[in-house]
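Number of protein chains: 2
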Amino acid sequence: MNLNDIFEKIDSNHERYVQELVELLSIPSVSTYSHHKGDVQRAGEWIAAMCQRLGLDARLYPTDGHPVILASHCPHADRPTLLIYGHYDVQPPEPVDEWVTPPFSPTVRDGFVYARGASDDKGQVFTYLKAIEALMAVRGELPINVKLLVEGEEEIGSPHLGAFLGQHKKLLQADAIAISDGAQFAPDVPAITYGLRGLAYMQLDVTGPRVDLHSGSFGGLVMNPIQALSTILCSLKTDGDRVAIDGFYDQVVDLAQWERKAMAELPLDVDQLQEYLGVEDLYGEDGYSPLERKTARPTLDINGVWGGFAGEGAKTVIPSKAGAKVSMRLVPNQDPDRIAELFRAHVAKVCPAGVQVKVTHLHSAKPVLVSRDLAQVQAAARAIRTGFGKDPVFIREGGSIPIVNLFKEELGLEAILLLGWGRPDDGAHSPNERFSLEDFRKGIRSAVALFHELAGEQP
Amino acid sequence: MNLNDIFEKIDSNHERYVQELVELLSIPSVSTYSHHKGDVQRAGEWIAAMCQRLGLDARLYPTDGHPVILASHCPHADRPTLLIYGHYDVQPPEPVDEWVTPPFSPTVRDGFVYARGASDDKGQVFTYLKAIEALMAVRGELPINVKLLVEGEEEIGSPHLGAFLGQHKKLLQADAIAISDGAQFAPDVPAITYGLRGLAYMQLDVTGPRVDLHSGSFGGLVMNPIQALSTILCSLKTDGDRVAIDGFYDQVVDLAQWERKAMAELPLDVDQLQEYLGVEDLYGEDGYSPLERKTARPTLDINGVWGGFAGEGAKTVIPSKAGAKVSMRLVPNQDPDRIAELFRAHVAKVCPAGVQVKVTHLHSAKPVLVSRDLAQVQAAARAIRTGFGKDPVFIREGGSIPIVNLFKEELGLEAILLLGWGRPDDGAHSPNERFSLEDFRKGIRSAVALFHELAGEQP
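Read top to bottom, the protein sequences are chains A and B.
For the first sequence, the working numbering begins at 1051 and goes up steadily by one.
For the second sequence, the working numbering begins at 1051 and goes up steadily by one.
Treat each hint with caution, since some may be false.
Since the list can't tell identical chains apart, any single copy or any two copies may satisfy a pair.
Stated by the list, open to error - When the alpha-carbon atoms are kept at most 25 Å apart in a straight line, the in silico SDA-like pairs for lysine to any residue are as follows:
1. LYS1458 to GLU1095
2. LYS1371 to CYS1284
3. LYS1440 to ASP1255
4. LYS1371 to GLN1253
If you're looking for bench data, these hints aren't it; they were derived computationally from the structure.
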């Protein structure tokens, strides 16, 4: 099968697509600001209306927050169904005075469209809409069944998505899910993300004396809670930046040889990375490369610490309380609940006498690893080759994407296709967010190719 | 010499003395509140006027803050001069609704006068004024030369006292200084404080990556500044709660055998102390008693710590910065500047690679030890025996009193008599501050006896 006719359609309509995207980007759908509630609703309605014009069965579902769009077109009982996920809400634009052109007055220059939401995520969602439009226009039909789920609360942590998935399992049934809410490995290095780290996020609360004490009058009588906290925090790592919690590494699946080789071949510029981080040397677990450490090895970081006097000058106090936030990034097959229990046991073992410590498990995410051997993953790789003109690299991501766990847990989806059409320097969450119009075009092509690949039709 | 005639005078005027004290306590001379500036001035004028009525040469000296009262009566070229220090400003009364009677409506009940400043320090200053009054009334003269220095900024750290002492060295020349701005060891256990700990107060500022980083995207690449800070903080102590800084103990004068024996005989109720502190066990340096540890041994305490996210919930951040305040209580002959340098060297040695650490020496106080063998100290002990009817205990105080260092350094005074007429549970700085009327009477008697003892006249 040849897609040239469709690609020609995409090219000839490129300017109109961009104009429509500009219209969508003009709506300030900032989900965290209540005074933009109407704008968020309007962006949702705009997308739902476009879905209807494309021939999809589209509906805006209210939630206790912002609405969810669910649109589908499933004419083929014998063909696979692809669920496409994205979001139409955006980050706040602040600091507004750092934008060259206003965040909600989308402007095209140097081959990019600049606006809040351009890359994250309206522009990427839009590639699927335009792929559907082009296919419908040229062929009158889609090669597979398609469901679109576009939410309005991603930037505030998707608080109502889990309940929505739970209530609409049947409607959302699919064979694979495509999520384009991220980036290529580098500009013009398209990527498929096949691994995400998990998370176990803990809080330590140490209590010593009943009240804050004068360190002159009482210094020498009590265990200082900050001292005890420091002892606990120090005990969590050993030399070589290994986590010192008993059993922490027991469930870790070692990196395969092919995977280490593939990672070593990725074009990571360490000098540039150090400059970005503002450090003279990278630091991490002995025996692993920076890329392995940041994406495929578990880590432990202290995210916050507090206690006593933090103001200007000197206050001679022995505080009653001190605390810290500690989180661990997990890799397959580490289980967050099990890791939290090991953490708890470790703290109980090392906590000095003279203080009480409370350990709270605040937050969890399971690590995700999608098999590269899955037919849908292979199909996505071929689609990107068609759309971008080069093979994608396979990468793992150091962070967690909570919605991915939702899709796994609520819908049982294993074929999770993380296909970022953006670039790492698109400025998602920053001033002057942008989306390359070339990536926009390649993303639409890739989406068209993906529909065909999943249908088993070679382009 | 017999003081009974004077003591009778004191007893017969007791009610009037209390009424006058109530009048002084009614003035809300809160030095830290600018809206009470006029009240602070008024309290100063009230005391200066009383000094003049007693026959002293009294003057209110303006400073860049609140005024200082200097009053003197020095008729004897051949007799010693006693400088008496106190303050007429008070702590804020908040929380006001916890007071049984209003803080500036002094009320007598159960043998105490309740008001802000009752014990700290108006009531104690007043004992010297009434001692002078009674002596003048009965004998027509004082047995020694007396100078009174009463400041209005003690509760805000005496910011202008050092300059004042420097400018008026000659006027302030004396053979001994009496400071009654503290407490007995316990109710009816009068005390002479002969030792104060010094202080070296440090700040640590640790800087890692240029900006706060996402702990998912970057965890495994950099040394976490809180981790580095914890490593430094942990390194400051060894087992047995000893300070691990090289050379820290080199200048420490060991406790004398007689001193350890005397401390062991002091009536310290450990159960009560633990209940007050809210701890199940006391904790401190091996080989020393609680009282030795809290008053006569050097200590190190972390007074504050900060870095990263300390709010509710979870934020996955590797902070760019973290910091801590660390102070060391020092004993003779530890020098704060030398200790600060040792601290700095230690931190440089133990700070992990991958972060920068800045060490700031914020504040210093030299330790003070007054020889019990000084004639003036022995005179004070006999005076307390006369005034309170029992020998004082000799104690060391764990805190530092910055003004004591000022008197040593600016005026060269060695005979420092720290004679607290208050009680540990008088509630200085707390709601329902009070002063025992019996201690008030005994304080006046002791002051009278002190004047005679210093003159070399046995009572």
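Structure-based check of each hint:
no., hint, verdict
1, LYS1458 to GLU1095, "neither (28 Å within a copy, 79 Å between copies)"
2, LYS1371 to CYS1284, "both (18 Å within a copy, 17 Å between copies)"
3, LYS1440 to ASP1255, "neither (51 Å within a copy, 48 Å between copies)"
4, LYS1371 to GLN1253, "both (13 Å within a copy, 19 Å between copies)"
Of the numbered hints stated above, those contradicted by the structure are hints 1, 3, listed in ascending order.
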